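Chemist: Sequence:
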Amino acid sequence: MVSVKSRIRNVLFWSIISAAFIGPGTVTTATKAGAYFQFDLLWALAFSIIACILLQEASARITIHSGMNLAKAIAKQFENRPTKNFVLLLVMGAIVLGSAAYETGNILGSMAGLKLIFDIPQYIIVTAIGILALLALSLKSVQTIAKMMGGIVFLMGIAFITTAILLKPSLSLILNGIFIPTIPEGAGAGLLVLGIIGTTV
Numbered sequence: 001m002v003s004v005k006s007r008i009r010n011v012l013f014w015s016i017i018s019a020a021f022i023g024p025g026t027v028t029t030a031t032k033a034g035a036y037f038q039f040d041l042l043w044a045l046a047f048s049i050i051a052c053i054l055l056q057e058a059s060a061r062i063t064i065h066s067g068m069n070l071a072k073a074i075a076k077q078f079e080n081r082p083t084k085n086f087v088l089l090l091v092m093g094a095i096v097l098g099s100a101a102y103e104t105g106n107i108l109g110s111m112a113g114l115k116l117i118f119d120i121p122q123y124i125i126v127t128a129i130g131i132l133a134l135l136a137l138s139l140k141s142v143q144t145i146a147k148m149m150g151g152i153v154f155l156m157g158i159a160f161i162t163t164a165i166l167l168k169p170s171l172s173l174i175l176n177g178i179f180i181p182t183i184p185e186g187a188g189a190g191l192l193v194l195g196i197i198g199t200t201v
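The letter at position 189 of the sequence shown is residue 189 when you use the numbering used here, and the numbering goes up by one with no holes.
Rather than coming from a laboratory, the hints here were simulated on the basis of the structure.
Nothing here was measured: the structure is a model prediction, and the numbers come from that model.
Keep in mind that the hints are not guaranteed to be accurate.
[Said to hold, decoys possible] Taking lysine-lysine pairs in the BS3-like style, the calculated list, with each CA pair at most 30 Å apart, reads: (1) LYS115 <-> LYS168; (2) LYS115 <-> LYS147; (3) LYS84 <-> LYS72.
[Said to hold, decoys possible] Now the in silico label distances, taken between C-beta atoms and shown as ranges: (4) GLY190 <-> PRO169: 17 to 25 Å; (5) PHE118 <-> ALA75: 42 to 50 Å; (6) ILE152 <-> LEU70: 23 to 31 Å; (7) MET68 <-> ALA94: 13 to 21 Å; (8) GLU185 <-> GLY98: 25 to 33 Å; (9) ILE124 <-> GLU185: 17 to 25 Å; (10) GLU79 <-> ILE180: 42 to 50 Å.
Quick reminder that beta carbons are idealized off the backbone N, C-alpha and C, glycines included.
Starting from the given sequences, assemble the full structure and let the hints guide the process.
Modeler: Structure representation (structure tokens):
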């Protein structure tokens, strides 16, 4: 029988995945969407969640069926084709650019949050965040990082639940926002939709 301590450890370790999806960029984008447009952009969140599940499930199926990770499966699929190098370059470019965009969103999201608390120039905050991230990645123990991420995700979860309870949102407005796609008039609505989808998928 699995002990309670072992279960907690597993939750903390796999919370890294949750932390990867619920980063500062996601929180900032979602906060802006809610503050400016209330429930009108919930459909974008629902769409991005479904798209993310489908893509992750497809990747998992490829791995289970082939016994290889996605990168190796793509390389094998195109190993004897003239377009092999082009496809590999395309995949590498997508990974590098996607990671850069993702981390930029996280850093800028963290900066926006800290800027609300501290009256410090933006470049100092961004530099400090970069240094702290580098120090965290330099830790040799994966479990230490997992515990840090687990603690942060736990606090965020408590904050989200508490906020939802205090606000007491209307169920009908929530359902309308999820099932009736609209892009409200107003500066930045379209960009926020792209931001919600981009930070989730």
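Chemist: Identify every previously stated hint that the structure contradicts and give their numbers, smallest first.
Modeler: 9
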